[in-house]
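A.B. asks: Next come the chains, spelled out residue by residue.
2 protein chains.
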Amino acid sequence: MRIAAFALSAALITGGARAQIINDRQSVSPLREQALADKTAWNLVESLTTEIGPRPAGQANAARAKDWALQTLTRLGFKNVHAEQFLTQAFVRGAESAAVVAPYPQSLSIVGLGRSGETPAEGITAPIQVFKTYADMLAVPVGSLIGKIVVLVQPMLKSTDGSGYGVLSAIRRNGPGEAAKRGAVAFMMRSASTDDTRLPHTGEMFVNADHPRIPAAALSPPDAEQLDRMAQRGKPVIVTLKLANTLVEGAPAWNVSGDLPGTGDEIIIVGGHLDSWDQGTGAIDDGAGVAITTAAAKLATQTQRKRTLRVVLWGSEEMNFSSAAYAKAHAAEIPKIVLAGESDTGDGPVWAVRLPPGVAKHPAMAQLSAQLAPLKVPLYPDGAMGGGEDVADLYAQGVPTISLRPDTLRYWDLHHSADDTLDKIDPAKLAQSVAAWTLVLAAAADADIDFRHPDAPKGLGK
Amino acid sequence: MRIAAFALSAALITGGARAQIINDRQSVSPLREQALADKTAWNLVESLTTEIGPRPAGQANAARAKDWALQTLTRLGFKNVHAEQFLTQAFVRGAESAAVVAPYPQSLSIVGLGRSGETPAEGITAPIQVFKTYADMLAVPVGSLIGKIVVLVQPMLKSTDGSGYGVLSAIRRNGPGEAAKRGAVAFMMRSASTDDTRLPHTGEMFVNADHPRIPAAALSPPDAEQLDRMAQRGKPVIVTLKLANTLVEGAPAWNVSGDLPGTGDEIIIVGGHLDSWDQGTGAIDDGAGVAITTAAAKLATQTQRKRTLRVVLWGSEEMNFSSAAYAKAHAAEIPKIVLAGESDTGDGPVWAVRLPPGVAKHPAMAQLSAQLAPLKVPLYPDGAMGGGEDVADLYAQGVPTISLRPDTLRYWDLHHSADDTLDKIDPAKLAQSVAAWTLVLAAAADADIDFRHPDAPKGLGK
Numbered sequence: 001m002r003i004a005a006f007a008l009s010a011a012l013i014t015g016g017a018r019a020q021i022i023n024d025r026q027s028v029s030p031l032r033e034q035a036l037a038d039k040t041a042w043n044l045v046e047s048l049t050t051e052i053g054p055r056p057a058g059q060a061n062a063a064r065a066k067d068w069a070l071q072t073l074t075r076l077g078f079k080n081v082h083a084e085q086f087l088t089q090a091f092v093r094g095a096e097s098a099a100v101v102a103p104y105p106q107s108l109s110i111v112g113l114g115r116s117g118e119t120p121a122e123g124i125t126a127p128i129q130v131f132k133t134y135a136d137m138l139a140v141p142v143g144s145l146i147g148k149i150v151v152l153v154q155p156m157l158k159s160t161d162g163s164g165y166g167v168l169s170a171i172r173r174n175g176p177g178e179a180a181k182r183g184a185v186a187f188m189m190r191s192a193s194t195d196d197t198r199l200p201h202t203g204e205m206f207v208n209a210d211h212p213r214i215p216a217a218a219l220s221p222p223d224a225e226q227l228d229r230m231a232q233r234g235k236p237v238i239v240t241l242k243l244a245n246t247l248v249e250g251a252p253a254w255n256v257s258g259d260l261p262g263t264g265d266e267i268i269i270v271g272g273h274l275d276s277w278d279q280g281t282g283a284i285d286d287g288a289g290v291a292i293t294t295a296a297a298k299l300a301t302q303t304q305r306k307r308t309l310r311v312v313l314w315g316s317e318e319m320n321f322s323s324a325a326y327a328k329a330h331a332a333e334i335p336k337i338v339l340a341g342e343s344d345t346g347d348g349p350v351w352a353v354r355l356p357p358g359v360a361k362h363p364a365m366a367q368l369s370a371q372l373a374p375l376k377v378p379l380y381p382d383g384a385m386g387g388g389e390d391v392a393d394l395y396a397q398g399v400p401t402i403s404l405r406p407d408t409l410r411y412w413d414l415h416h417s418a419d420d421t422l423d424k425i426d427p428a429k430l431a432q433s434v435a436a437w438t439l440v441l442a443a444a445a446d447a448d449i450d451f452r453h454p455d456a457p458k459g460l461g462k
Numbered sequence: 001m002r003i004a005a006f007a008l009s010a011a012l013i014t015g016g017a018r019a020q021i022i023n024d025r026q027s028v029s030p031l032r033e034q035a036l037a038d039k040t041a042w043n044l045v046e047s048l049t050t051e052i053g054p055r056p057a058g059q060a061n062a063a064r065a066k067d068w069a070l071q072t073l074t075r076l077g078f079k080n081v082h083a084e085q086f087l088t089q090a091f092v093r094g095a096e097s098a099a100v101v102a103p104y105p106q107s108l109s110i111v112g113l114g115r116s117g118e119t120p121a122e123g124i125t126a127p128i129q130v131f132k133t134y135a136d137m138l139a140v141p142v143g144s145l146i147g148k149i150v151v152l153v154q155p156m157l158k159s160t161d162g163s164g165y166g167v168l169s170a171i172r173r174n175g176p177g178e179a180a181k182r183g184a185v186a187f188m189m190r191s192a193s194t195d196d197t198r199l200p201h202t203g204e205m206f207v208n209a210d211h212p213r214i215p216a217a218a219l220s221p222p223d224a225e226q227l228d229r230m231a232q233r234g235k236p237v238i239v240t241l242k243l244a245n246t247l248v249e250g251a252p253a254w255n256v257s258g259d260l261p262g263t264g265d266e267i268i269i270v271g272g273h274l275d276s277w278d279q280g281t282g283a284i285d286d287g288a289g290v291a292i293t294t295a296a297a298k299l300a301t302q303t304q305r306k307r308t309l310r311v312v313l314w315g316s317e318e319m320n321f322s323s324a325a326y327a328k329a330h331a332a333e334i335p336k337i338v339l340a341g342e343s344d345t346g347d348g349p350v351w352a353v354r355l356p357p358g359v360a361k362h363p364a365m366a367q368l369s370a371q372l373a374p375l376k377v378p379l380y381p382d383g384a385m386g387g388g389e390d391v392a393d394l395y396a397q398g399v400p401t402i403s404l405r406p407d408t409l410r411y412w413d414l415h416h417s418a419d420d421t422l423d424k425i426d427p428a429k430l431a432q433s434v435a436a437w438t439l440v441l442a443a444a445a446d447a448d449i450d451f452r453h454p455d456a457p458k459g460l461g462k
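Chains as they are written, first to last, in my numbering: chain A, 1 to 462; chain B, 1 to 462.
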């Protein structure tokens, strides 16, 4: 996933305040118990990760994933199942390697960042310049890093709400460009990861017209520490970096959509993203979100609801093309889209539900609050501002959003790395997430509430 | 490390029995407290892993490691510091890859086994045959696996004493040959690992004259599970495996030796192995053992002892050439070598000390037992039978051995993989191991005991 600003505010709510939020009332809910026992979500993520595997946007497996999604939604009884094509950038990884060539020769574990520049075939060989923090790098003047490979060793904070990733992902997106402006020939950063394996995490970097697109890679945390120790010994540390990547423009991608029709003409959109990074099999990012929202929408509509539940499985979240494509294609429909949300932070468990501003206090939500309580999921009094990267453009057009926040302590160890595989998904946590989404979708689909509450801030989202 | 039979018997001692073994008496020991506070071991393993990094026997970094060892022992005040050259096989890894080509195309995380056969440049493409257990594979007749790539998915038990590795390492050594005898064109096994990362563990395989040397690789645990799931779907699963390795005969290697002379002419030999596998930096396997025994020998000889403490840093443990080379070169000296031991299972903490049979009950060991007690290390009543792979040939010649057994729960997650790096070493555990070794070496160097007790079994060891 990419991370939106709303992730940060959750960190401000203390444990004590959270405890007060949880509703004392708990209600019997056959739907909750059915969702907890349902195996649909597990079966979906098992199938997607096993039969399709990695599915980076614009590449062959993404087309297979689109076909998988069409077949799956049809088999599950969705109506109007179709794929909406749009164009994406495709980052096609080639051979990658890095090694210290002097004074302590040894190989390094790296992975190129999405949109990274390519090196010549023989690689770039240059001295490294280690920075302890991104701020230290930004503090040096333009021109002072000419001929250097920047090595940024700033570690990522491990936290439930993902605020550590907010910091590191901003560095990953902007760091290569800032290093290039200062003259660096390449950029290597400590992986945006909270694990200690030698498997670094990839992710997109930004490319702008004001700086060259230099080669950029993530180092595994042990490798970043190794280079830091070497540099501290005082001799110049010379590294060779080879990245043979291709950035393809205008590759086809698809948002796959299916409806569970309601009795009225209002629409609620939920989903996860079908595309994944190329190192793992996209289990937690975002096979889990695809599975949770698809299963929950089915469970929530066993009796027909007033509003249509539409599941959209987005096709280019990691390179950030599917949100705009969907909002543009459905601009005329936006007045009917009364709510949107994406599940894109792993298997769970969900620890907070944020409805649009003002909605949690509405009397009609008291029953939902009581139903959620046994799952240990409070309705937060402050509303969702943004609901995931793929609904950001809908949100910017005024569509209210929901956010079901999963515990991400383990998620940030794994995501965007080769370790994002099925075995990392906990079926019990996945089931809790399905139950929380099911209850929220069932309530929202029948609620006599206009989610476009006057309290809702407009025009934010990304 | 390789594992010897003695590892298995420890599993038979129950927790209750262990508790009784711990001596109630605990003694004040300034030497123990000094060893716990000493930083020598940490500094050694930090230096070796940072400045040398991976150091597979017979390759360039192993020669750098030899020079590092000569300089280090000299700097620490050892006498008669020298390198003893011998010849080893060198396993030189080339490009490696594996991928499912049908029906679910995606790449796999593999690492070639030491001594693996090479594939043609275009790789071997063949259907897989999955076996749940090694016994299942052995049960099929010769000729029944012609044209198949064997995929063995048997998992490894996680246990403190390493018994799980005893099972899997035997499969790794013998499995490729047994598969080849049955007609298989290649062999892939679930990594001899207890972790769930995509970083598989390498290690040696045996090559014998009765079967071809087929290409053989370890799959990460998630990849083994992935292939198992694919195979269960019923369609033939086709895999392409590429391994460009070279097995070099007669490459130079060195055992590096240094003495801390005693007043008499008897010698105690301890050490770890300088060589490592090529994926990680050889921190737990066996930078830790090099560091622990070198630091402990220094600490134990601050006052001159009766017996000489000799530290030997072996040069080809992983390919299994240094033990025989040392025993052969020192055959004439064996009557004077009264004790030998190797530290080769990680940073610690030590949870059991095994002296040669009969010695633990000797009255002279009561003080040692009391000194060890605050470290939570009991003297085991049953004696050591073997003391590490590099002293196996000394043991076979009748040299008594000691075994200080570290907790290996985390060790088997990491060893022989890219994750064997400095950050995995816990300084507090390392210090406890140094303290245990220091106390044992100080006691053994001055003990008025002939460790060649009549109870000692002769001629065992490997």
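Treat the hints as calculated values from the structure; they're not laboratory data. Wrong hints could be hidden among the right ones.
If several chains are the same, the list does not tell them apart, and a pair holds so long as it fits within one copy or across any two.
What the hints assert, rightly or not - When the alpha-carbon atoms are kept at most 30 Å apart in a straight line, the in silico DSSO-like pairs for lysine-lysine are as follows:
1. K235 to K39
2. K429 to K158
3. K429 to K181
4. K306 to K235
5. K361 to K181
6. K158 to K306
7. K39 to K376
8. K336 to K148
9. K235 to K336
10. K132 to K429
11. K181 to K39
12. K39 to K132
A.B. asks: Now tell me if each hint is right for this structure.
C.D. replies: Each hint tested on the structure:
1. K235 to K39: between (58 Å within a copy, 24 Å between copies)
2. K429 to K158: both (19 Å within a copy, 24 Å between copies)
3. K429 to K181: neither (44 Å within a copy, 45 Å between copies)
4. K306 to K235: Neither. Shortest intra-copy (70 Å) and inter-copy (43 Å) distances fail the 30 Å Cα cut-off.
5. K361 to K181: neither (49 Å within a copy, 72 Å between copies)
6. K158 to K306: neither (42 Å within a copy, 53 Å between copies)
7. K39 to K376: within (21 Å within a copy, 47 Å between copies)
8. K336 to K148: Classified as neither; 54 Å inside a copy, 57 Å across copies.
9. K235 to K336: neither (64 Å within a copy, 45 Å between copies)
10. K132 to K429: between (36 Å within a copy, 28 Å between copies)
11. K181 to K39: neither (51 Å within a copy, 43 Å between copies)
12. K39 to K132: between (46 Å within a copy, 25 Å between copies)
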